[in-house]
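Protein chains: 4
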Amino acid sequence: MNFDYSEKVKSFQEKVTSFMDEHVYPNESLYEAQLNEQDSRWSGIPPIMDELKSRAKEQGLWNLFLPDHTYGAGLTNLEYAPLCELMGRSLIGPEVFNCSAPDTGNMEVLARYGSDEQKKEWLRPLLNGEIRSCFSMTEPEVASSDATNIQSQIQRDGNEYVINGRKWWSSGAGDPRCRLAIFMGKTNPDAPRHEQQSMILVPLDTEGVTVNRMLPVFGYDHAPHGHGEIDFKNVRVPDSQIIWGEGKGFAIAQGRLGPGRIHHCMRLIGAAERALEELCKRVQSREAFHKPLADQGVIREWIADSRIELEQARLLTLKAAYKMDTVGNKQAKTEIAMIKVVAPNMALKVLDRAIQAHGAAGVSNDFTLAAQWANARTLRLADGPDEVHRRQVAKLELSKYKE
Amino acid sequence: MNFDYSEKVKSFQEKVTSFMDEHVYPNESLYEAQLNEQDSRWSGIPPIMDELKSRAKEQGLWNLFLPDHTYGAGLTNLEYAPLCELMGRSLIGPEVFNCSAPDTGNMEVLARYGSDEQKKEWLRPLLNGEIRSCFSMTEPEVASSDATNIQSQIQRDGNEYVINGRKWWSSGAGDPRCRLAIFMGKTNPDAPRHEQQSMILVPLDTEGVTVNRMLPVFGYDHAPHGHGEIDFKNVRVPDSQIIWGEGKGFAIAQGRLGPGRIHHCMRLIGAAERALEELCKRVQSREAFHKPLADQGVIREWIADSRIELEQARLLTLKAAYKMDTVGNKQAKTEIAMIKVVAPNMALKVLDRAIQAHGAAGVSNDFTLAAQWANARTLRLADGPDEVHRRQVAKLELSKYKE
Amino acid sequence: MNFDYSEKVKSFQEKVTSFMDEHVYPNESLYEAQLNEQDSRWSGIPPIMDELKSRAKEQGLWNLFLPDHTYGAGLTNLEYAPLCELMGRSLIGPEVFNCSAPDTGNMEVLARYGSDEQKKEWLRPLLNGEIRSCFSMTEPEVASSDATNIQSQIQRDGNEYVINGRKWWSSGAGDPRCRLAIFMGKTNPDAPRHEQQSMILVPLDTEGVTVNRMLPVFGYDHAPHGHGEIDFKNVRVPDSQIIWGEGKGFAIAQGRLGPGRIHHCMRLIGAAERALEELCKRVQSREAFHKPLADQGVIREWIADSRIELEQARLLTLKAAYKMDTVGNKQAKTEIAMIKVVAPNMALKVLDRAIQAHGAAGVSNDFTLAAQWANARTLRLADGPDEVHRRQVAKLELSKYKE
Amino acid sequence: MNFDYSEKVKSFQEKVTSFMDEHVYPNESLYEAQLNEQDSRWSGIPPIMDELKSRAKEQGLWNLFLPDHTYGAGLTNLEYAPLCELMGRSLIGPEVFNCSAPDTGNMEVLARYGSDEQKKEWLRPLLNGEIRSCFSMTEPEVASSDATNIQSQIQRDGNEYVINGRKWWSSGAGDPRCRLAIFMGKTNPDAPRHEQQSMILVPLDTEGVTVNRMLPVFGYDHAPHGHGEIDFKNVRVPDSQIIWGEGKGFAIAQGRLGPGRIHHCMRLIGAAERALEELCKRVQSREAFHKPLADQGVIREWIADSRIELEQARLLTLKAAYKMDTVGNKQAKTEIAMIKVVAPNMALKVLDRAIQAHGAAGVSNDFTLAAQWANARTLRLADGPDEVHRRQVAKLELSKYKE
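Chains as they are written, first to last, in my numbering: chain H, 209 to 611; chain P, 209 to 611; chain R, 209 to 611; chain A, 209 to 611.
Pulled out of the complex, with its shape left as it was, chain H reads as follows:
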């Protein structure tokens, strides 16, 4: 047992930290300003983003998330996690390093399960940060907390598949660079429960694909990325676009979600760290009732509890990453379910305290606290609500004592 980061990790941490300090934080408001200067917040990508991406690529801080040596940095989950945390401190951070969801998960799916042709067509430009992609799984009509509820259909017709269904929360669908959806639906409703589903690649410009609207999150549009409600009506794609094969949807989803959850959690930990930092600075610069806010006992308690909750959430997430690396996603199932509950709830608490310490400024956009909060809140729902993960943890715990 050893709680120190490796030298390799420390060196990456320094590089990413420097990059964030020098290039990312100072450009957050420029990014927002450029976005607002456009005709519409959806019409293009703020130019500063491409500059930042080029610079990160130059410095070798690119595709760090991808454990595959051929395509990415070849870092383990345990090595990438602390870097992911640093990127998550800024809402524009992950994209700068080509490490933002849902592209990371989509790239990993393509790298692990994609055919050579699929890799060439889609993985390459994604790895280069030229195009973006979305993931179309959740449906408005059913409780997606139970994935077997999915109703969309993928029906074979000759050497094509015909796709029908309404999806929403297809994040990234608003991005003008978004070219691809990974679509989940049922190829065979009569197969055993976990073999009914398949995943298929759908170019967004295919006939029958309509982005109805972009869904806001607590008032945030998340432009130009956004969360799309998309109709797929008799959409036809060649059968070569199926990933891995019919009935593999569930298996791919399981593989995809493990690392994705680590990433989500570590980004939230980064967001919470930054919030705590901002809280500490703010309360040392403001006075009320004749002393700095920092001398109020209640605020000190917020700080202590935040530090305590942060440390614990990070350790548990790193342990989950370690187990994924050493004994595999399946053996790490409990840990992954646990962090998916812990990290968003911890981040929400820390962010909420930071908001409260900032007074009304905290709920505005003068700080990124409110936006990060909204983001963290969705992560109590995205990739399964807390309740489903707790169910999973309890089931595994109870099974230890079953006769």
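Just so you know, not all the hints are guaranteed correct.
Since the list gives no way to pick out one identical chain from another, each pair is judged satisfied if it fits inside one copy or across any two copies.
[Claimed, not checked] Using 30 Å as the maximum straight-line C-alpha spacing, the simulated DSS-like pairs for lysine-lysine come out as follows:
id : residue 1 : residue 2
1  : Lys608    : Lys489
2  : Lys538    : Lys608
3  : Lys538    : Lys216
4  : Lys327    : Lys489
5  : Lys394    : Lys538
6  : Lys557    : Lys603
7  : Lys456    : Lys557
It is worth saying that the hints were derived from the structure and are not from the lab. In this text the structure is predicted, and so the values were computed from the model without any measurement.
Knowing the structure of chain H, use the given hints to seat chains P, R and A on it.
The following block gives chains P, R and A in isolation, referenced to the frame of chain H:
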């Protein structure tokens, strides 16, 4: 002791409930649609609002908040509170009945402390719902949780006052009908601590008044109402615009805040009631893991806890209203401080559970849950953060046992 | 709606408060000392108790709990509740006024459902405070949270009933004056679910009744009262001892529990009030880090939250009492379930804060905080665990929206 | 970074686990029975304890806590922590392995700071488990959360010291084998704040030492160990009994508390693990409302939250141990303060859920849940209340951002 509403209240409750059912809820999305059809969300008021206001006025459901018989409905706080709750169920509700903040508080100030001239010029059109107003107290540079921190100046110069200061969170300043700010500042920084401040009426079109920007709340712009950051630079108004007299700012603020807090709290209770109703309906219409969500024990616990917290918050708020009516604002100080902590926190919990029960739909604008949540969150800060109210409650409690 | 106590209640409050101040609090440690001086803590009743009882009787502060005018004070639930609160401030308080559980519930059952003979034999001496009684419902072998689980049998044999079963948590069974158990068991396991059970009077000296042991609560023996585990083996009583009739057990239990829950909750509210008072005094008399504990912001927050939670719990309990008085136990079902969750949890929080503020002294018996805590903790289980009451509240809430 | 226990640790874990399974758990009730058979619970040590100790010593499971190779097992904090956890699962566990507080801390003080003579006289018999000792620091008259409050005096008089003061919570003072107190008091009230205090060895049979009474904890007497209130009146000991030298009291306390806190926390983690195990077993064996309690969603949530909180608390405690081993107590200050808050609160929550799941049985002594709860509750106060540790964490956090 008696826990039943009076016949008078019951009759009003029926009328307001019917009005909400028939006219308000069915037009919420129309209101939003009309707002979005405009050139800008700030450029005008959705026409449906005027229709609704006329109808409410016709039915005598107008200015119910004003205890003064001459100008308003003459209801006591205890009588108005349960009606205010009903209006708060919809974000567009209070305005329909000319009962929305900050106009209610401003009208009350004018009715109680205004000169005849001030009443004629400002109170009349406000009571008629022709114009709107804002309240300029909070400042960006200092912690407003301690009201003695206020830095703005109101300096006499002949028979004029010269006003200087930067204010923010002047809610309603974005409304094209907003004509008036009640401005709080120091007329005499050398006076005893609670006599330094005054309130003065500033027409928004006076030279030197500039609305710099509108502040968002968790991504919501709250257009066309909005929250303004306003610069007052050498703004000159006749000395007749001072309210009640120099040095009365604090006293007026105290008087203004009591009923205002009841209103805020009751609206939040209404919002929470509606959220619980929506939660109950949603979970009976969705299935996961082979049974309705309503049969999940955890969700039943949310429902029970919500009902429990709601009932308690309502009783405490009604008791605060009762004490204000019977022994006065000063004697009701503890109760008012308590409800200001209880109601927003209760509403946040109930709304959060309802959001969670709605899945991702809950964080979008397909329901009003997320918007109501953002609203409730600001009320842990507006009119004093929780921490200041808890301080107050503790101080009064400890004083019982001081030797 | 009116939140003031009636003059009648105020007058009783004054009398009970004076009595507590003059006679009860000053004798708490004497009671404990006399108990410890005995051969065994179970062998007798501290003489001070009889003195206090005589004095209370003299002053007409006797059997205040009983709404029946013939036998008791004839106060409504709403009138008795605030007096019950005062008695609950001391662990020896309720007995002094002949208002302690389970005798209160047992007396009420006898007054409402007992035959004349039963009243003469048992109700009279109970009302006089000459004997005590216990209530034998809970069983060790089954989850009593679901009352239909009860396994004990009451079988008719000629004009006798033969009783078999093991009961525990028969509170009061340790008292040397305890003469009677009200026993619940099944007379007809084949009847409809809520008509299988009956209640029967069993003199404790009947052959076949054995008190196996007294159960401690968090280390407290609660002597001389205590909680008995009792075996009933072929216990024979005349059939005249059945209460109301066969199959009425459930109905009686429902009737018995309503007022009993009000009493439990109000006593807990009293205990919490006293704890808050002791907390406030303690923190004003101790210093740490160069200032009184009372000046620590965190402790002020405890005080404020305690006051807030107390007020809400009291209002809800009073409303439950009011509803019982005005629309009956059945209509007050939700309120009764709610307070049964609220009051113990509130009391535990307030007591826990008071303990923490007292430092290590708080967990000892130098104050009654720890003992009151243990008592409150059992009330999250006794008369149904929190979870069952929440279930009930949720069920009623959901039913409002069932199609 | 590596989250696996070393082979050495795993081997010890197996041995301790086997020992607990075979010898400790099966004898818990025998220990209690033997204690109750004595004339008084304070008059002797249940014979089973000596048998268990002999057996543990034989198997080399003895003094595992002592990092010093000469006197103990020479394990690091990180190596001992998981073994300490296992021992903590039983209330009689730690003593069996000669690893129980406060002897462990006292032995460590003697091993690190004691003179050769002191070691010979006191350390040897303690290491052999022949005698026991107590630690007399806390005083009834002052808030011990601030250690500078201590009022006891240690005054030099020739080649003796004269000791005066009243101490309480001297744990272990009730044990008939207890021979020694380590006493903390002021040798020089005029010295700099952290050099006023000294520690001195006081044989309990010295004239002037009187154990006034034993303090209960939530009704538990903790016999034969117990918590003593001790008067020291003009107690004279040779000056050779001072530890390390005058003015070193604070420094020794700091050194003593670090490992002691790890031990307390790990024992609590063990207690919580056992509680969760018992909870899981119980709910699979009981039915209510037609299904096993284990199928109630709310109970599953308790299980999940317990597992989640346990894992996090353990990781943080192990990290604190690791930092103590690698960078020293001083650098590990934040981590030590954090676990002292986390572990007791976590254990209380898990134990409370287990109690609730056991119904009324949970508050009795049929399980060790209630006793473990009372124990955990005191640890929110012992060695500094939560609030002092949070203060410490906040101070260190804020200092990162001080200009």
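To see whether the hints hold, each was checked on the structure:
no. : hint            : result
1   : Lys608 / Lys489 : between (47 Å within a copy, 9 Å between copies)
2   : Lys538 / Lys608 : within (16 Å within a copy, 40 Å between copies)
3   : Lys538 / Lys216 : both (27 Å within a copy, 27 Å between copies)
4   : Lys327 / Lys489 : neither (47 Å within a copy, 46 Å between copies)
5   : Lys394 / Lys538 : within (24 Å within a copy, 50 Å between copies)
6   : Lys557 / Lys603 : both (27 Å within a copy, 20 Å between copies)
7   : Lys456 / Lys557 : neither (38 Å within a copy, 40 Å between copies)
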